[in-house]
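Peer 1: As a plain string of letters, each chain reads:
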Amino acid sequence: MKRRDFFKYGLGSAGVAVSGGIGGGISEVRSVSDASYFQHPWWVREIEKPKLGIDDSVYSRFEARKNVFGSMAKYYGLDNLRELSRRSREKTKKYYQENRPGYRLEDRALADAAWVISRQGGLNRGTRSWTRNFVRTPEERGVDKYKASPFQAAHLIKTAARYFGAATTGVTVLDRRHIHSEERGKKIVFEKVEEPYEDDTKLVIPKKCKYAIAMTVLMPIDNIACSPTAISSAGSSMGYSRCEFLVSGLAEFIRGLGYTAIPSVNDLGSSVAVAVDAGLGELGRTNRLISPEYGPMVRLCKVLTDLPMTVDRPIDFGLMEFCKVCKRCAEACPSGCVSYEDEPSYEVKGEWNNPGHKAWFEDSPKCLAYWEESTSGCSNCIAVCPWTKKDKTVIHEMVKAASAKIPALDAFFDSMDKSFGYGRQKSAEKWWKTNHFEYGIDTTQGKG
Amino acid sequence: MEKDNSYWILKIRKRPFYIWIFRFLWVVWLVFWAEVALGSKAELEPKAFVISMVIFFVSLLIGLVLWLLRIKRFKE
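Protein sequence lines correspond, in order, to chains S and P. With my numbering applied, the first sequence corresponds to residues 1 to 448, in that order. With my numbering applied, the second sequence corresponds to residues 1 to 76, in that order.
No wet-lab data here; the hints were simulated from the structure. From a predicted model like this one, the values you see are computed outputs, not experimental measurements. Be a bit skeptical, because a hint or two may be false.
[What the hints assert, rightly or not] Anything over 12 Å on all C-beta distances counts as not near chain S; from chain P, calculated:
{"#": "1", "residue": "L10"}
{"#": "2", "residue": "K14"}
{"#": "3", "residue": "W20"}
{"#": "4", "residue": "V36"}
{"#": "5", "residue": "G39"}
{"#": "6", "residue": "K41"}
{"#": "7", "residue": "K47"}
{"#": "8", "residue": "V50"}
{"#": "9", "residue": "L69"}
{"#": "10", "residue": "I71"}
[As the list claims (entries may be wrong)] For lysine to aspartate or glutamate, the following EDC-like pairs were computed, each having C-alpha atoms within a straight-line distance of at most 16 Å:
{"#": "11", "chain 1": "S", "residue 1": "K327", "chain 2": "S", "residue 2": "E343"}
{"#": "12", "chain 1": "S", "residue 1": "K208", "chain 2": "S", "residue 2": "E191"}
{"#": "13", "chain 1": "S", "residue 1": "K430", "chain 2": "P", "residue 2": "E35"}
{"#": "14", "chain 1": "S", "residue 1": "K392", "chain 2": "P", "residue 2": "E35"}
{"#": "15", "chain 1": "S", "residue 1": "K207", "chain 2": "S", "residue 2": "E252"}
{"#": "16", "chain 1": "S", "residue 1": "K93", "chain 2": "S", "residue 2": "D79"}
{"#": "17", "chain 1": "S", "residue 1": "K91", "chain 2": "S", "residue 2": "E429"}
{"#": "18", "chain 1": "S", "residue 1": "K210", "chain 2": "S", "residue 2": "D199"}
{"#": "19", "chain 1": "S", "residue 1": "K187", "chain 2": "S", "residue 2": "E106"}
{"#": "20", "chain 1": "S", "residue 1": "K66", "chain 2": "S", "residue 2": "D175"}
{"#": "21", "chain 1": "S", "residue 1": "K390", "chain 2": "P", "residue 2": "E43"}
{"#": "22", "chain 1": "S", "residue 1": "K74", "chain 2": "S", "residue 2": "E343"}
{"#": "23", "chain 1": "P", "residue 1": "K41", "chain 2": "S", "residue 2": "D391"}
{"#": "24", "chain 1": "S", "residue 1": "K66", "chain 2": "S", "residue 2": "E372"}
{"#": "25", "chain 1": "S", "residue 1": "K147", "chain 2": "P", "residue 2": "E35"}
{"#": "26", "chain 1": "S", "residue 1": "K392", "chain 2": "P", "residue 2": "E43"}
{"#": "27", "chain 1": "S", "residue 1": "K324", "chain 2": "S", "residue 2": "E351"}
{"#": "28", "chain 1": "S", "residue 1": "K418", "chain 2": "S", "residue 2": "E331"}
[Stated by the list, open to error] Sample of chain P residues facing chain S (criterion: CB under 10 Å; computed from the structure):
{"#": "29", "residue": "F56"}
{"#": "30", "residue": "S59"}
{"#": "31", "residue": "G63"}
Ideal Cβ placement from N, Cα and C applies to all residues, glycine included.
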């Protein structure tokens, strides 16, 4: 039963149960009306399949070594890359001598330090281990494993995910094509086994892990708004560190319930594809997820599990139509890696893209080269996106709702967004003088 | 009210019903832009804050001028 159907029929039957004095229905009513249960805003529509389609005859599992981080030397040329690194080191020193805001020692130290938790894990390593760390299993406690309806289980997991730092959480049946075919020089395979394991040649995911829990983690908007500086870089790394805490905590929680859990951030498979399937957002012009609540200001992570849960549907909030007319990310991209094409297509830009799905494909080596060129990475496309907004005034919610329902207004909203000064680079110097929220994020955002 | 030698002329001007709709919309408009201005300040968006404040004060001023003109007309 889909979530919406549950509301439709579940509430009705629960109402009958309550009126008939049957206690069993009451707990379901309570769980449905519980404010902790995450729902998208009213202007977000659930759909059967993601809006940007998949060509089933082409789409297949991606080799992780083809991604831009793994093969930059191949795509960019080793000599070019060496020259780029040399220039980057020189610039770093120059900016330091100039005492340039956003590139000072304290800015760079902050950016590096914010990675600290993220660096504790990797594919089946450290905090992202595929097996139990320390949590006690139901067996060890001498009790049965957690038993509940799929709806209650999904609710439980979403509440726990929120507790561990997820901004939004969705559940989907895992499309195995989203999982990398190889990583770290080892094949990733699905086998009929009880527990995941790794040997010298392969990483094995149990076939019973049919569900993927996709989660977004909000990045600090005030950091990213300083892009491209080390302060914005610190925003990205903070996002990754919080992802690390989230997936490791949630995986341990699931294991504590007596089920298998495989935590993952950018490793193992495409978090974007899983998140789109789980209804956390749509694929935008940057070929990344745009969430209706937070825009692209999110990092993504996922946990694979065998805990049966009610699944969510993909969503449509008019983003594709908006991206067609907006192009702010493409205009703000200093490397020119973001597509200017009016329509998304199946044509990839290079080996770093996984073919077989419709998108605005990006020229990733250009992007990564600029990260080196700028000496501190870049998040311009995230910072300028009109969907990147805080929620301190009602106008943003009104505009998002109107854009979702009346695409003809998209160009007007885009130009108004520019006129009101949104997306302009913020001062890294002022960032140090601002009284920020903990972790730089307002955790009340998106909670209505 | 004018005084003639022989009789009084009473001019009765009734406010049209829609004036209350205009007044209500004006107040909503002002509250909306005040909220946007305060929200933009909280969001650390200086340009959005200034533009919304300008819209708020210009709307307030236009509304007050129109209101005073109408009062003056009523008093004539």
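Peer 1: Tell me, in ascending order, the numbers of any earlier hints that this structure violates.
Peer 2: 4, 5, 6, 7, 8, 13, 15, 16, 17, 18, 19, 20, 22, 24, 25, 27, 29, 30 and 31
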